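This is what each chain is made of:
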Amino acid sequence: MLELNILLIFMILGALIALEVKDLLSAVVALGASGLGLCIVFLILKAPDLAITQLVVEILCLIILIRATIKKDLPFSTSGRWVFNTIVSFVFIIIFLYLGYLAIKDLPPFGYPLMRISQFYLDHAKELVRSANLVSSIILNFRAYDTLGEATVLFASVVGVMTVMRKKGRKKLEEKEEDEL
Amino acid sequence: MNNSYLPYFLCLVFFCVGLYGVLRKRNIIKIIIGLVICEYAANLFLVLVGYKMGGRSPLYSPDQSILDMVDPLPQALVLTSIVIGLATTALVVGIAIRIYEKYGTFDITKISKLKG
Amino acid sequence: MSYDNKDKGMTLIVKTITGLTVGLILLYGLYITLHGHISPGGGFAGGVIVAISFIHLMLAFGREEALRILPKTFISVLESVGALLFLGIAILGFMGGYFFLDWFSKGKPFELFSAGSIIFSNIAIALKVGLGLFGIFLVLILLKFTSKDE
Chain A
1 MLELNILLIF MILGALIALE VKDLLSAVVA LGASGLGLCI VFLILKAPDL AITQLVVEIL
61 CLIILIRATI KKDLPFSTSG RWVFNTIVSF VFIIIFLYLG YLAIKDLPPF GYPLMRISQF
121 YLDHAKELVR SANLVSSIIL NFRAYDTLGE ATVLFASVVG VMTVMRKKGR KKLEEKEEDE
181 L
Chain B
1001 MNNSYLPYFL CLVFFCVGLY GVLRKRNIIK IIIGLVICEY AANLFLVLVG YKMGGRSPLY
1061 SPDQSILDMV DPLPQALVLT SIVIGLATTA LVVGIAIRIY EKYGTFDITK ISKLKG
Chain C
2001 MSYDNKDKGM TLIVKTITGL TVGLILLYGL YITLHGHISP GGGFAGGVIV AISFIHLMLA
2061 FGREEALRIL PKTFISVLES VGALLFLGIA ILGFMGGYFF LDWFSKGKPF ELFSAGSIIF
2121 SNIAIALKVG LGLFGIFLVL ILLKFTSKDE
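Chains as they are written, first to last, in our numbering: chain A, 1 to 181; chain B, 1001 to 1116; chain C, 2001 to 2150.
So that you can see chain A by itself, here it is in the shape it has in the complex:
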C-alpha cells in the first residue's frame, strides 16, 4: 500500500500548509487540497459511497469557509507568553502521540480486520434486503435507528444556525417592560 502512505503524507503536508500560511484564503484552499486527498484515499480503501459524499461535502465546506474569510485578513501578533505556550502545546502533543502509539500497537494489523458483526451482513444482506449496495442496506435497513438519530442531529444543527444568525435578538420580558416605563 505504497500509494496510500504517499497520499497520507500529502494530506499531512496540506494540513500543515493550511495552518501555517498567513493569507486566510490560501489556508482554505490548502484545506481543500487535503480534503480531496482524503477523497482519493477513500477510493483506494474501496469505499466509493464515501468518496462521492466526501467530494461534494468538501466543495460545500470550502464555499462556507470562503464566506467566512471574505472579511479582511489580520496581522498576527506574537506578543505575550509566546515561548511558554508553544512549549506547552508541543509537550502535550508529544504525550498524545506516545499514548496513541501505545494504543495502536494493540489493534489488529492493517488489512486484517475483525469482522464479527459484519459477517452477518455479508452473509444475509442479499436475501433479506435484496439491495445491491451493502452500505445503503446497512444505513437504511439494518441500522436505521442510527440514521434517525443523524437526522435529529442535522435538524438541531440547522435550527442552531438559524438561531445564531437571526436578524434581531428578542429582548427579555423585563427589559421590554423597563423600556416602556
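Source of the hints: derived by calculation from the structure; they are not laboratory data. In this text the structure is predicted, and so the values were computed from the model without any measurement. Keep in mind that the hints are not guaranteed to be accurate.
Said to hold, decoys possible - Think about it this way: if two alpha-carbon atoms lie no more than 27 Å apart in a straight line, the pair counts; the simulated DSS-like pairs of lysine-lysine are: (1) 1025/B <-> 1113/B; (2) 22/A <-> 1025/B; (3) 1102/B <-> 1113/B; (4) 1052/B <-> 105/A.
Said to hold, decoys possible - Some but not every residue of chain B turned toward chain C, in silico, with C-beta under 10 Å: (5) 1020; (6) 1054; (7) 1061; (8) 1062; (9) 1065; (10) 1077; (11) 1079; (12) 1086; (13) 1091; (14) 1094; (15) 1097.
As the list claims (entries may be wrong) - Some chain A residues flagged as far from chain C (calculated, every beta-carbon gap over 12 Å): (16) 36; (17) 96; (18) 139.
Heads up, the beta-carbon is just placed ideally off N, CA and C, and yes, glycines get one too.
For chain A, the structure is supplied; the task is to place chains B and C on it using the hints.
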C-alpha cells in the same frame, strides 16, 4: 515500527496536526480549520480499521459472487458522520461571523480583553 | 432568468454557462438519490448535490433568482416534510409488527424498484439534507446584506 501499522500512525500524525491548530493558533478561522482536520482524521481512522487486504468494495454484482469484501459497517457509520461534520462546521462559522460583528476582530486574545 | 441584468450576480459568461449546467447538476443529484440501492451513492450524497445546484444558481444570478424559484418558507416546510417522511416510514413498520419493519415488496435485486423501503428513505433523506444545507447557506448569505444596510 512494523510496516503494517504505518497507515494508522500517519493518521494519528494527521490528527495531531489538527490538534496543534486548535491549541496554538489565535485566529478563529485557523481554529475552525484545525477542527475540520481533526474530523477528517477521525473519519479516516474508522475506514482504515475496516479495510481488508485484497478486498473488494461492498457492492454485489449480478454476474459473479464476490466473497472477500471490505468491512461495510464503518463505512455506513462514517457516511452519516461526514454530513453531520459539514453542518457542525456551518454552525461554528456562524458563531465566528457573529463574534466578528460584535468585536470587529478574529483574534481570540484581543476578544478576551474587549469585554462588554 | 434574466441574463442582461448587470446589477445582480456575475457576468454574462458565468450566467450563460450556469444556465446550461445547473439543470444537469440537479438531474445528477436526483439520479444519485434514486439509484442509491443499486449503485454507490444514496440520499446523503444526492441531497448535497441538489443543495450545490441551488447554491450554484444563487452565486451566479444573485439571491433573488434562487429565492424566486425556491421561496424561504417553502424550504423550511420541505425540510420538515423530509424529516416527517422518514419518521413516517419508520412508523409504517407497525403495520407489520414493529418499528422500522420493512414490509414493502422486495422484488428482484439489481432492479430499480427493489429493496423495499430503501428508495423512499433515500428520497426523504435527500429532501432533509439538501434543503437543510441550502437553508444554512441562505441564512449565512442573508446576514451580509442586512448588516450593510444598518
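Going down the list of hints, with the structure as the test:
1. 1025/B <-> 1113/B: Holds, because 17 Å separates the two Cα atoms, which is no more than 27 Å.
2. 22/A <-> 1025/B: The given pair, whose Cα atoms are some 12 Å apart, holds under the 27 Å limit.
3. 1102/B <-> 1113/B: Cα-Cα ~13 Å, so holds.
4. 1052/B <-> 105/A: Answer holds: residue 1052/B to residue 105/A is near 18 Å, not above 27 Å.
5. 1020: violated (28 Å)
6. 1054: At 20 Å from the nearest chain C Cβ, residue 1054/B fails the 10 Å test, so the hint is violated.
7. 1061: With a minimum Cβ separation of about 9 Å from chain C (threshold 10 Å), the hint on residue 1061/B holds.
8. 1062: At about 5 Å, which falls below the 10 Å cut-off, the nearest Cβ of chain C leaves the hint on residue 1062/B intact, so it holds.
9. 1065: With a minimum Cβ separation of about 12 Å from chain C (threshold 10 Å), the hint on residue 1065/B is violated.
10. 1077: violated (12 Å)
11. 1079: At 6 Å from the nearest chain C Cβ, residue 1079/B passes the 10 Å test, so the hint holds.
12. 1086: holds (7 Å)
13. 1091: holds (8 Å)
14. 1094: holds (6 Å)
15. 1097: holds (7 Å)
16. 36: With a cut-off of 12 Å, residue 36/A remains clear of chain C, as the shortest Cβ separation is near 15 Å.
17. 96: holds (31 Å)
18. 139: Given a closest Cβ separation of 7 Å, the condition is violated.
Comparing the model with each numbered hint stated earlier shows that hints 5, 6, 9, 10 and 18 do not hold.
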